[in-house]
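*Asks:* The chain contents come next:
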Amino acid sequence: MNLVLELRPPESRFYGSWRERLETVAKLRRPDEVHALCEQAYILGVRTIVAVLDDTIREALLTFQRWRDVAVWAVVPNMFAFIRDLTDLGMVGAARSRFLRLTPAAMTRTTLGALGALGAIRRRDFVAGALLVADMEMAALRGLRVTRLFLHPQLTEIALAGGLPTLFTELATRAARQGIDAGIVTHNPVRAATVLGADLARFPAVIAPCNPLGYKMFPGRDACEALFRSDPGRFFADEVTAGGSVAVEKALGHVQGLGLAGAVLDVRAVERAYQVGGVGTAIPA
Amino acid sequence: MGMVHGHLLQIHPETELVAFVDRDTGLAAHLASQGLRAKLYPSLEAAYGETAPDALFVCTPTHTHLAVVRAALVRPVHLFVEKPVATTLADAEAILDLATQAGVMHAAGYVYGHLPVVAAAREVLAAGVLGEVLRFTAHAYVSEVFGEKRGWFFQKELAGGGVVANMASHLLFILGWFFGPIRRVVASTRSHASAVEDSAQVLLTFTNGVTGLLDTSWSVPGTQMLDYGLTVDGRGGTLVLGRDRILLHLLSAAGGYEAGWNEIHASSLPADAAFDVSPHIGGEAFYRQLTTFVRACQTRTQPFSSLTEALNTQRMIDGIYTSAASGQPVDAA
Numbered sequence: 020m021n022l023v024l025e026l027r028p029p030e031s032r033f034y035g036s037w038r039e040r041l042e043t044v045a046k047l048r049r050p051d052e053v054h055a056l057c058e059q060a061y062i063l064g065v066r067t068i069v070a071v072l073d074d075t076i077r078e079a080l081l082t083f084q085r086w087r088d089v090a091v092w093a094v095v096p097n098m099f100a101f102i103r104d105l106t107d108l109g110m111v112g113a114a115r116s117r118f119l120r121l122t123p124a125a126m127t128r129t130t131l132g133a134l135g136a137l138g139a140i141r142r143r144d145f146v147a148g149a150l151l152v153a154d155m156e157m158a159a160l161r162g163l164r165v166t167r168l169f170l171h172p173q174l175t176e177i178a179l180a181g182g183l184p185t186l187f188t189e190l191a192t193r194a195a196r197q198g199i200d201a202g203i204v205t206h207n208p209v210r211a212a213t214v215l216g217a218d219l220a221r222f223p224a225v226i227a228p229c230n231p232l233g234y235k236m237f238p239g240r241d242a243c244e245a246l247f248r249s250d251p252g253r254f255f256a257d258e259v260t261a262g263g264s265v266a267v268e269k270a271l272g273h274v275q276g277l278g279l280a281g282a283v284l285d286v287r288a289v290e291r292a293y294q295v296g297g298v299g300t301a302i303p304a
Numbered sequence: 002m003g004m005v006h007g008h009l010l011q012i013h014p015e016t017e018l019v020a021f022v023d024r025d026t027g028l029a030a031h032l033a034s035q036g037l038r039a040k041l042y043p044s045l046e047a048a049y050g051e052t053a054p055d056a057l058f059v060c061t062p063t064h065t066h067l068a069v070v071r072a073a074l075v076r077p078v079h080l081f082v083e084k085p086v087a088t089t090l091a092d093a094e095a096i097l098d099l100a101t102q103a104g105v106m107h108a109a110g111y112v113y114g115h116l117p118v119v120a121a122a123r124e125v126l127a128a129g130v131l132g133e134v135l136r137f138t139a140h141a142y143v144s145e146v147f148g149e150k151r152g153w154f155f156q157k158e159l160a161g162g163g164v165v166a167n168m169a170s171h172l173l174f175i176l177g178w179f180f181g182p183i184r185r186v187v188a189s190t191r192s193h194a195s196a197v198e199d200s201a202q203v204l205l206t207f208t209n210g211v212t213g214l215l216d217t218s219w220s221v222p223g224t225q226m227l228d229y230g231l232t233v234d235g236r237g238g239t240l241v242l243g244r245d246r247i248l249l250h251l252l253s254a255a256g257g258y259e260a261g262w263n264e265i266h267a268s269s270l271p272a273d274a275a276f277d278v279s280p281h282i283g284g285e286a287f288y289r290q291l292t293t294f295v296r297a298c299q300t301r302t303q304p305f306s307s308l309t310e311a312l313n314t315q316r317m318i319d320g321i322y323t324s325a326a327s328g329q330p331v332d333a334a
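Residue numbers (my numbering), protein chains in the order written: chain A, 20 to 304; chain B, 2 to 334.
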């Protein structure tokens with residue numbers, strides 16, 4: 020089973036207490052601590068990291084990829100940062116700040132790409148806007164070996180609710196142009212299968228909650244597991260410990276029992292598995 | 002928020018989205034591009050001319066809520082009003098009066114009250130598991146305001162206030178739902194970045210005698226989403242409410258819980274939402290909120306999240322601002 024470490028800005032997670040939040044955020048604001056966490060995950064068998072990237076995570080992964088052969092799956096855009104910029108700077112300002120982070124070559128590519136969508140952008144077209152922001156963040160990931168591209172769940176769920184397969188298929192097309200593929204990360208995999216139909220086959224990895232308690236499995240555990248069983252090699256289990264309610268080993272056993280392609284471990288799961296199981300013993304292969 | 006509600010109304014099996022209303026008709030293309038299929042009308046009058054909605058969701062800036070509700074109730078439509086209900090207590094009372102006179106069902110958008118763990122905590126308290134409830138401490142923090150901010154959301158006359166009205170009100174609603182009508186408020190607020198209050202410390206006393214402290218700020222680093230917590234002490238133990246779980250410490254067994262520590266995790270609570278529109282902010286609470294409102298309309302029974310309950314929240318908000326301005330305790334009328 021493929022194990023995937025999930026990284027995102029520590030400020031965007033929920034914690035058991037305010038103190039736990041402060042301690043964890045302070046720790047994971049340091050690239051060396053993120054690097055150390057990646058190393059723990061690697062020892063446990065993780066060979067892929069799915070990440071919402073900010074400067075800290077990007078810096079940590081840049082150095083980690085020099086050290087270890089791991090794939091990075093990028094989740095773009097960093098929606099919380101984008102929403103913050105939207106309220107502070109407005110739509111134009113938020114886009115401008117991302118644009119200015121690009122290299123001159125990436126600026127040119129982004130500008131040329133956006134020219135064809137100017138009308139749609141002016142009309143505030145959701146798909147065009149989302150892809151433009153995703154393009155800019157992707158272009159800013161220079162140096163990282165990104166092998167798979169995902170849209171941020173906040174965009175994904177809105178697009179799934181609206182029944183917009185175009186956003187996903189267009190992302191897959193753009194990813195293919197860069198020689199990589201696209202995936203989907205969602206809490207609503209059954210809806211994703213409905214919205215995308217046969218196009219779901221264009222996404223080799225769909226990350227969705229899967230645990231023995233049905234936690235965060237929408238519309239329900241039975242419907243999700245029926246979907247997983249229909250094409251298990253496409254699905255990666257997220258929320259495997261059901262918010263920490265299930266031991267990592269048991270959670271992974273459940274995923275293995277369903278025959279899924281892999282499982283996503285969050286920071287806490289990696290830390291617990293590392294502490295409990297010791298080096299290389301905690302997680303079944 | 003209008004778009005989130007729009008998507009849920011479109012996807013919920015018991016609702017049909019029939020219209021959007023916004024003066025900015027240029028919004029139509031944006032809504033359509035999100036897959037929102039209902040037609041956009043420039044006014045309620047125009048929408049009512051072509052559609053006959055059973056319910057209306059008011060998701061406009063807070064200062065417009067009263068005018069929108071007044072215009073909406075030319076025909077009897079059930080009302081869902083986003084939080085905070087109004088910029089002033091008087092407006093919130095007027096909105097409730099209008100809804101009551103119209104005989105419609107009504108609800109306010111305090112979405113965190115619909116999280117399964119919050120509902121479970123309320124059940125524990127209502128069942129008397131803690132015995133007599135004595136006191137609480139609560140916090141509501143988010144990392145949002147660290148410098149000057151622009152837009153209606155940061156103007157008191159348009160938004161009703163700052164962190165208290167727009168963030169901590171979620172927790173104030175929960176406190177009111179747990180402990181009942183507010184009796185007295187003592188508060189201090191401070192603006193250190195924006196033109197509205199960025200932090201507040203509040204002492205609340207409810208009519209049932211429960212007292213407690215709320216500390217809130219949207220200028221603390223470390224949390225991109227609202228981080229709230231509530232610790233309730235009773236004669237029989239302590240309840241700690243977090244985002245995904247309740248920790249319950251009991252001096253002796255009560256209500257089916259053992260003496261000592263008990264944990265109620267969200268994963269053990271009924272999963273009754275079919276879609277998660279916003280995994281990181283609100284989660285399934287948005288879907289549950291809509292289902293609660295639908296049930297209220299179907300059964301013609303006001304929901305726990307009614308505008309009556311929200312008026313209690315508005316009294317707390319108003320009391321906090323009045324107390325902070327005067328430096329005196331404020332008693333609810």
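Think of the hints as simulated: they come from the structure by calculation, not from any bench. Every value quoted in this text rests on a predicted model; they were computed, and no experiment measured them. There's no promise every hint is true.
Calculated pairs, SDA-like style, for lysine to any residue (alpha carbon to alpha carbon, straight line, at most 25 Å) [stated by the list, open to error]: (1) B:K157 / B:K40; (2) B:K157 / A:R66; (3) A:K269 / A:R66; (4) B:K40 / A:G182; (5) B:K40 / B:D23; (6) B:K150 / A:R66.
*Asks:* Quick one: which hint numbers does this structure break? Sort them smallest to largest.
*Replies:* 1, 2 and 6
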